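Working from the sequences, and respecting the hints, build out all of it.
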Amino acid sequence: MSFGKSISNPTAADQALKAEKRKAARERYFRSLRYGLHVITHPFDGFWDLIHEKRGTMAAAHTFLLLFLITRVLKLMLTSFQFINVPIQYINVFEQMGSLAFPFIILCLANWAMTTLFDGKGRFRDIYMAMCYALVPYILIQLPLILMSNILTYEEGSFYQVLMTFSIIWCVFLVFTGLMEVHDYGPGKTIIFLFVTVIGALVIIFLLLTFFSLLSDAASYFISMYREIVFRLN
Amino acid sequence: MNITKRAGALLCCLIMVFILAAAQAEDGFSTSYTYTYDYWEDVQESPDAYRVATVIDSMTLGLEKLENVRINKAQSLYVRDQFIYVCDTNNHRILEIERKGNAFSLRRVIKEMTGSRVNTFSTPYDVFVDPDYNIYVADYGNQRVAMMDKNLKWIRDYTKPADATFDQSLNFLPKKIVVDVAGRVYALCQNVNKGLVKYEADGTFSGFIGANTVSISMGEYIWKRYFQTKEQRAQTESFVPTEYENIYIDPEGFIYATNIVFSEYDLKYDNAKPIRRLNSLGSDILIKNDRFPPIGDLFWVEQGAEASGPSKFVDITVMQNDIYVALDRTRGRLFGYDSQGVLLWAFGTKGNVEGAFTGAVSLEHMGYDLLVLDQLENSITVFQTTEYGQTIYDATETYLDGKYEESADLWRNVMKMNANYPLAFRGIGRAVLRQDRYEEAMDYFKLAHDRENYGRAFKLYRKEWVEGNIWWILLLVAVLLIVPLCVGRVKKMKGEVTAHELRKIHK
Numbered sequence: 001m002s003f004g005k006s007i008s009n010p011t012a013a014d015q016a017l018k019a020e021k022r023k024a025a026r027e028r029y030f031r032s033l034r035y036g037l038h039v040i041t042h043p044f045d046g047f048w049d050l051i052h053e054k055r056g057t058m059a060a061a062h063t064f065l066l067l068f069l070i071t072r073v074l075k076l077m078l079t080s081f082q083f084i085n086v087p088i089q090y091i092n093v094f095e096q097m098g099s100l101a102f103p104f105i106i107l108c109l110a111n112w113a114m115t116t117l118f119d120g121k122g123r124f125r126d127i128y129m130a131m132c133y134a135l136v137p138y139i140l141i142q143l144p145l146i147l148m149s150n151i152l153t154y155e156e157g158s159f160y161q162v163l164m165t166f167s168i169i170w171c172v173f174l175v176f177t178g179l180m181e182v183h184d185y186g187p188g189k190t191i192i193f194l195f196v197t198v199i200g201a202l203v204i205i206f207l208l209l210t211f212f213s214l215l216s217d218a219a220s221y222f223i224s225m226y227r228e229i230v231f232r233l234n
Numbered sequence: 235m236n237i238t239k240r241a242g243a244l245l246c247c248l249i250m251v252f253i254l255a256a257a258q259a260e261d262g263f264s265t266s267y268t269y270t271y272d273y274w275e276d277v278q279e280s281p282d283a284y285r286v287a288t289v290i291d292s293m294t295l296g297l298e299k300l301e302n303v304r305i306n307k308a309q310s311l312y313v314r315d316q317f318i319y320v321c322d323t324n325n326h327r328i329l330e331i332e333r334k335g336n337a338f339s340l341r342r343v344i345k346e347m348t349g350s351r352v353n354t355f356s357t358p359y360d361v362f363v364d365p366d367y368n369i370y371v372a373d374y375g376n377q378r379v380a381m382m383d384k385n386l387k388w389i390r391d392y393t394k395p396a397d398a399t400f401d402q403s404l405n406f407l408p409k410k411i412v413v414d415v416a417g418r419v420y421a422l423c424q425n426v427n428k429g430l431v432k433y434e435a436d437g438t439f440s441g442f443i444g445a446n447t448v449s450i451s452m453g454e455y456i457w458k459r460y461f462q463t464k465e466q467r468a469q470t471e472s473f474v475p476t477e478y479e480n481i482y483i484d485p486e487g488f489i490y491a492t493n494i495v496f497s498e499y500d501l502k503y504d505n506a507k508p509i510r511r512l513n514s515l516g517s518d519i520l521i522k523n524d525r526f527p528p529i530g531d532l533f534w535v536e537q538g539a540e541a542s543g544p545s546k547f548v549d550i551t552v553m554q555n556d557i558y559v560a561l562d563r564t565r566g567r568l569f570g571y572d573s574q575g576v577l578l579w580a581f582g583t584k585g586n587v588e589g590a591f592t593g594a595v596s597l598e599h600m601g602y603d604l605l606v607l608d609q610l611e612n613s614i615t616v617f618q619t620t621e622y623g624q625t626i627y628d629a630t631e632t633y634l635d636g637k638y639e640e641s642a643d644l645w646r647n648v649m650k651m652n653a654n655y656p657l658a659f660r661g662i663g664r665a666v667l668r669q670d671r672y673e674e675a676m677d678y679f680k681l682a683h684d685r686e687n688y689g690r691a692f693k694l695y696r697k698e699w700v701e702g703n704i705w706w707i708l709l710l711v712a713v714l715l716i717v718p719l720c721v722g723r724v725k726k727m728k729g730e731v732t733a734h735e736l737r738k739i740h741k
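In order, the protein sequence lines correspond to chains A and B.
Under this note's numbering, the first sequence is numbered contiguously, ending at residue 234.
Under this note's numbering, the second sequence is numbered contiguously, ending at residue 741.
Derived by calculation from the structure, the hints in this document are not laboratory data.
Note that the structure is predicted; figures quoted are calculated from it, not measured.
Warning: the hint list may mix true and false statements.
Said to hold, decoys possible - With the Cβ distance kept under 8 Å, some of the chain A side facing chain B (calculated, not the full set): (1) GLU20; (2) PHE81; (3) GLN82; (4) PRO87; (5) THR153; (6) TYR154.
Unchecked claim - Taking lysine-lysine pairs in the DSS-like style, the calculated list, with each CA pair at most 27 Å apart, reads: (7) LYS726(B) with LYS738(B); (8) LYS75(A) with LYS738(B); (9) LYS680(B) with LYS693(B); (10) LYS637(B) with LYS693(B); (11) LYS680(B) with LYS650(B); (12) LYS726(B) with LYS741(B); (13) LYS387(B) with LYS345(B); (14) LYS428(B) with LYS502(B); (15) LYS680(B) with LYS75(A); (16) LYS75(A) with LYS697(B); (17) LYS384(B) with LYS345(B); (18) LYS23(A) with LYS725(B).
From the three backbone atoms N, C-alpha and C, an ideal C-beta is built for every residue, glycine too.
Have a look at this one:
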């Protein structure tokens, strides 16, 4: 009896503790999600605290990236044909998502690789998190814009265009300030490193392509060698 | 056993053949080489807009019996009423052919005129006939444009302008001519890049019109200016405007010009402008309201293949309904565009069979019929509209006349024949919109990818919808405003109550 009790008591406490922890984590997650609103309106303080005060979470960052990709796909599929040219018959959802997510990751990686050599304070996860938070305006504006495009007529397209341009300018500004705060750089150095990042990304892509083409060459070499042997033996 | 099997197989084959033949005959795709481009610039097969009616050559005209001189490298055609004029360039003569129904007969062979200093022609490149049947000949070899009346009596020559603006070291080599209603002559001359040489009706030179502009990209300029040696620069082409390839004067007196010298890159961005409509000042006023400019084929094999490169329009003709047709030398194709620059149809190919060309050089229309001159085959192919092509024309014309209902019915017929035709949807949509059937109109405009008209229909539809549902909308707004207000009140009251209770307990 007592044995059983002594077992059951710690588990109950454990479970309670776990539940508490889970609840705390959930709360932290939602707080960090809400913190996105703070970041986009107060970018300088916001990005600093995001990294250094641990106000942001990776989970929230993943969420924003995912939402960004979903927004993009929804935009292609549901925006009224009056405002965008999308050959919907040729669109592959996963291809679209990949063609945004892949360069995003590569650029983050390139930025980290470059800045870490030149006194950049940010770790890879910091850069990734800041960049994901910088996507929030795109989500917040483009999602309602999809709905709006189906209420507007062609003549009123300028409203649509203005809002769309605004969301993109906002995002670019956030990327800029985000990198500045994460690496503790000045504005000039940040601009230079934006260009360097692009070059770095190109190098990464080049290396990837070379690697895969060499890999396929190697594979085909062994395959043809195997075939040759099989033919000779027969 | 074996025999029955074979017979069965044969029967199957026969049935298949019959089915196929029947299917082909019905849908009109049997001999189809007609197509259009859809909104996504994909090729869409279309029923034939034109079929070959007949082919005229030296044999059918009886030229072999006459003097046994076959047509040789004919360069140009002209049509005035029921007469066709063929510029038989290498034989230095003009052939006048008369059309009666579908029979074409040689009326006369114009080899010389009377009353001029030089009465014969030398490699005439073009011929023009005005409404009074005065004949103008671009007499290339004699360096003049000769004008004569219908009895072949010489009237006057238009010769090299004795003007400082015309480079006197050049020979005057007219290749194409048009004459406007006032009798002004416009000549397209070889080696003259200042535009068309313009003469008043009395033969005096009055300047150049419509010079082609020099097109050069920034990169090209920098490369040539700063990176090439003098010798290299001398070898590569210099920045001079190019000549036009051909000209045509439309019923309203505007000159259509085609241009075949351009870079492929410029075509898609509409910088090359292979087809132009020149006003009296010489600027291009061609209307381009479609997604892609009128450049012929949108895709082509870059190099190496037999027919590579973009379409090159060697001739153009404009019908009474403002529909213009351009002749592509590269692939021997004809492209028909309406007055808004929308591709109506494209057909034609290279080859030796009927309806195909090896060296198409000149194009004219006779009513709705199209005549294409082939300089290598030395033949004229006459195309007649099919029911499909004719319905398109009728629908366009009735719309221009303001008979919108009638036009919509004709477009419905077109739609039945070709469901991949945006113009038909647009035509029906317009008529439906006039009948205040907004939702239906929206569907048609969406199919036609016509944003402006869709927007127009949608605006009316939206207005109607809001007016119909105004009470629901107001109710929704009211609920959205009032509910938070009430909730706020209740919360406040609850708070007050608890505060009160708490105070009570503390006491």
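- Message: Holds or violated: LYS75(A) and LYS697(B), Cα atoms, limit 27 Å.
- Response: Answer holds: LYS75(A) to LYS697(B) is near 25 Å, not above 27 Å.
- Item | Interface hint status, THR153(A) versus chain B (Cβ within 8 Å) | holds, 4 Å
- When you check the alpha-carbon spacing of LYS680(B) and LYS650(B), does it fall within 27 Å? holds, 18 Å
- Query: Are LYS726(B) and LYS738(B) close enough, with their CA atoms no more than 27 Å apart?
  - Reply: holds, 18 Å
- Taking 8 Å as the limit, does the beta-carbon of GLN82(A) come near enough to a beta-carbon in chain B? holds, 5 Å
- Can GLU20(A) be said to touch chain B, with a Cβ gap under 8 Å? violated, 27 Å
- Task: Mind checking the alpha carbons of LYS384(B) and LYS345(B) for me, to see if they're no more than 27 Å apart?
- Result: Distance ~13 Å between LYS384(B) and LYS345(B) Cα, so the pair holds.
- Message: Given the hinted pair LYS387(B) and LYS345(B), is their Cα-Cα distance within 27 Å?
- Response: It holds: about 12 Å lies between the C-alpha atoms, which stays within 27 Å.
- Task: Please work out if LYS726(B) and LYS741(B) have their alpha carbons no farther apart than 27 Å.
- Result: holds, 23 Å
- Distance restraint between LYS75(A) and LYS738(B), which requires alpha-carbon spacing of 27 Å or less: violated, 58 Å
- Query: Is the straight-line distance between the alpha-carbon of LYS23(A) and that of LYS725(B) 27 Å or less?
  - Reply: holds, 26 Å
- Hey, LYS680(B) versus LYS693(B), does the alpha-carbon distance stay inside 27 Å? Holds: LYS680(B) and LYS693(B) sit about 14 Å apart, inside 27 Å.
Hint compliance for this structure: hints 1, 8 are broken, all remaining hints hold.
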